[in-house]
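Colleague: Chains as they are written, first to last, in our numbering: chain A, 1 to 338; chain B, 1001 to 1338.
Hints should not be assumed to be uniformly reliable.
What the hints assert, rightly or not - Partner residues are not named here, just some residues of chain B that face chain A (Cβ under 10 Å, in silico): (1) Arg1028; (2) Ser1030; (3) Glu1032; (4) His1096; (5) Ile1100; (6) Arg1120; (7) Ile1122; (8) Ala1124; (9) Glu1134; (10) Ala1146; (11) Arg1147; (12) Leu1149; (13) Ala1158; (14) Met1164; (15) Ala1165; (16) Gly1183.
Calculated directly from the structure, the hints in this document are not laboratory data.
Note that this is a predicted model, so its numbers are computed, not measured.
Where is the CB? At the ideal position from N, CA and C, for every residue including glycine.
Here's the letter readout for the chains.
2 protein chains.
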Amino acid sequence: MIPTRSAPDVLRRARELTTPGILAAAGRLSPEVRPLVEYHLGLADQHGRPIEGASSGKGVRPALVLLSAEAAGAEAVIGVPGAVAVELVHNFSLIHDDVIDCDTERRHRPTVWAIWGVGRAIIAGDALLSLSQEVLLGSGTGAEAARCLAEATSAMIAGQALDMAFESLAGVDVARCLSMEAGKTGALLGCAASLGAILAGAPQRVTDALREFGTQLGLAFQAIDDLLGIWGDPRQTGKPTWSDLRQHKKSLPITAALAAEDRRSDELATLLASDELKEHDLARAATLVEQCGGRAAATDEAEGRLAAALDALESAPLERRARDELVDVARFVTARDC
Amino acid sequence: MIPTRSAPDVLRRARELTTPGILAAAGRLSPEVRPLVEYHLGLADQHGRPIEGASSGKGVRPALVLLSAEAAGAEAVIGVPGAVAVELVHNFSLIHDDVIDCDTERRHRPTVWAIWGVGRAIIAGDALLSLSQEVLLGSGTGAEAARCLAEATSAMIAGQALDMAFESLAGVDVARCLSMEAGKTGALLGCAASLGAILAGAPQRVTDALREFGTQLGLAFQAIDDLLGIWGDPRQTGKPTWSDLRQHKKSLPITAALAAEDRRSDELATLLASDELKEHDLARAATLVEQCGGRAAATDEAEGRLAAALDALESAPLERRARDELVDVARFVTARDC
Chain A
1 MIPTRSAPDV LRRARELTTP GILAAAGRLS PEVRPLVEYH LGLADQHGRP
51 IEGASSGKGV RPALVLLSAE AAGAEAVIGV PGAVAVELVH NFSLIHDDVI
101 DCDTERRHRP TVWAIWGVGR AIIAGDALLS LSQEVLLGSG TGAEAARCLA
151 EATSAMIAGQ ALDMAFESLA GVDVARCLSM EAGKTGALLG CAASLGAILA
201 GAPQRVTDAL REFGTQLGLA FQAIDDLLGI WGDPRQTGKP TWSDLRQHKK
251 SLPITAALAA EDRRSDELAT LLASDELKEH DLARAATLVE QCGGRAAATD
301 EAEGRLAAAL DALESAPLER RARDELVDVA RFVTARDC
Chain B
1001 MIPTRSAPDV LRRARELTTP GILAAAGRLS PEVRPLVEYH LGLADQHGRP
1051 IEGASSGKGV RPALVLLSAE AAGAEAVIGV PGAVAVELVH NFSLIHDDVI
1101 DCDTERRHRP TVWAIWGVGR AIIAGDALLS LSQEVLLGSG TGAEAARCLA
1151 EATSAMIAGQ ALDMAFESLA GVDVARCLSM EAGKTGALLG CAASLGAILA
1201 GAPQRVTDAL REFGTQLGLA FQAIDDLLGI WGDPRQTGKP TWSDLRQHKK
1251 SLPITAALAA EDRRSDELAT LLASDELKEH DLARAATLVE QCGGRAAATD
1301 EAEGRLAAAL DALESAPLER RARDELVDVA RFVTARDC
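So that you can see chain A by itself, here it is in the shape it has in the complex (with noise of 0.2 Å):
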């Protein structure tokens, strides 16, 4: 039997099998629109200079895709198309929200609309949207597929809608929060770990079994994301520290600690309340937010939503080293400092 590989060595053997079909799409792109995307994509910098030995991003949607292909007994190149769509949904809805929160920078580097002004910002986005379903529906593959992903980008959009409508609402109860990351991150993901079996002809419970272990590993995922966008380091995330409380965001640690039954909990919704957020008004907020038991339901909310991924996945029949492969790339993407 062969060995299992580690799951830095699956993420980059994704983002190998992935990043030509990403330049090939991107080299479809109307010459106006296809520098914003090579550079965002972190293939070009932003004079359109090749960046050698380049690929976009980590490549965990890539490599559940193509460990979801294998996983349903295919090889794994059958679920690169539905790699390459994913990513570029992915980095659609980047490049849009953005724009959106006014963001100047990701990855230490000065964000598209930065660079290149709102306008041609949103048509990049808009671009990449199409292409996703291009490259999926011109590789010849059924419409089954390009259903998925069309489902999950609406799902995904739909959660975005929501993310943004939180900031300036109060309220806002975990339930709802956690609805609201089912489809801002937990659909893509969802569809990401189900898309490759899906072009590989799988039988459904096969896919289902798949699609949820993407959908609570998103979760997981974003339970992590929501920490670090309190007590990430700023060197790390390439964000400002206590991001998302700068933002009014009503992420999972806020929303709990909003829930909490204590007087620091109204002091939080209180100083969460005003428009103009000091820097003390924010250590103070991050502290109440701990206090009151955010960080804690985070952390344990990331743990149950874990435990939940690798739980489905013994659900269906699947291919063992495929299906550890998964469960050691869910422990690893989920194993980041917080």
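Following the hints, put chain B in place on chain A, whose structure we already have.
Modeller: Leaving out everything else, chain B in the frame of chain A:
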């Protein structure tokens, strides 16, 4: 034999058949996005109150989809998911265009971003684009129709990117302008005019002829839009006088006038190179475009493209009544005052 219906009747029937599907599709949107979309579509006011008897737009694109199903010998109703999807894509592009062009009014009403802000308008457009694929793929249709729509959407976005780039570019010639307009307007109309036939399972010869018809009609339509963009009556168009000149658009009359070998053409180029055009500059520029033959060139283009569209309908065997109605609709929508 059943007599042909008049073009206004054909358009009315298309709106009647498509509006329920559009309402149902909008109903799938999240509560944060839906009111913006229903407002934009003219189905509700900005407080979410339904507008009685409303239907989105003139129904040109839906009419083309339904007639193309009939032209292929099928029932019109088989084209409805395609008609809904094309209308959603068209409206996605309008919502984003208004953000990009900073237009505060459309159809004599405030634009979505002018009411709800840029961030929410971006999300609303994204949601419509993704929804369009969901509607088409969810209707049980195959991948070919979805591929046609995705390719047309990508071509449209590329055309919009080029249109935007032209605003700050001198030396745009007529050929480049036409290539931009083929993407911006021709691609989606070409898709609309063939999508019903694709859904009906028509042979390629039929779908190719219908797509060519739609593409050429789109170019005729755009040439007229370009004329209205300079000489249109603001009360009719809902845009300011000399709108395209204000925005430094490189539309067909303008690129044709700039190509004239004439001293007045040089004067026009100098005028348009100025960042801030005053009212008397705009009046002078409009006069120069006309004197340099730009108005006549766009009028000729509209006529030539309409003729090419009608010719395309002769290149394949089509159901006769639907073909005659396509001819009438093409004549009707290109007979606008300009």
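Colleague: Tell me if Arg1120/B is really an interface residue toward chain A, meaning its C-beta lies closer than 10 Å to one of theirs.
Modeller: holds (7 Å)
Colleague: Does Ile1122/B meet its interface restraint, that is, does its C-beta lie within less than 10 Å of any C-beta in chain A?
Modeller: This hint holds: Ile1122/B lies near chain A, its Cβ roughly 6 Å from the closest one there, short of 10 Å.
Colleague: Restraint: Glu1134/B near chain A, CB-CB cut 10 Å. Satisfied or not?
Modeller: With Cβ-Cβ at 4 Å, under 10 Å, it holds.
Colleague: Could you check if Arg1028/B really has its C-beta closer than 10 Å to a C-beta on chain A?
Modeller: This interface hint holds because 8 Å falls under the 10 Å limit.
Colleague: Are Gly1183/B and chain A close enough, Cβ to Cβ, to be under 10 Å, as the hint says?
Modeller: holds (8 Å)
Colleague: Tell me if the interface restraint on Leu1149/B is satisfied: Cβ within less than 10 Å of some Cβ in chain A.
Modeller: holds (8 Å)
Colleague: Taking the least C-beta to C-beta distance, is Ile1100/B closer than 10 Å to chain A?
Modeller: Since chain A brings a Cβ to about 4 Å from Ile1100/B, closer than 10 Å, the hint holds.
Colleague: Using Cβ atoms only, decide whether Glu1032/B comes closer than 10 Å to chain A, and label the hint accordingly.
Modeller: Holds - the Cβ of Glu1032/B comes within 10 Å of chain A, reaching about 4 Å at its closest.
Colleague: Would you settle whether the hint for His1096/B is holds or violated, based on the nearest Cβ-Cβ distance to chain A being less than 10 Å?
Modeller: Holds. Min distance 6 Å.
Colleague: Mind checking the CB of Ala1146/B against every CB in chain A and telling me if the closest is under 10 Å?
Modeller: At 5 Å from the nearest chain A Cβ, Ala1146/B passes the 10 Å test, so the hint holds.
Colleague: For the hint on Ala1124/B, just tell me whether its beta-carbon gets within less than 10 Å of chain A.
Modeller: holds (8 Å)
Colleague: Holds or violated: is there a CB of chain A closer than 10 Å to the CB of Ser1030/B?
Modeller: holds (4 Å)
Violation of the numbered hints given earlier is absent; every hint is satisfied by the structure.
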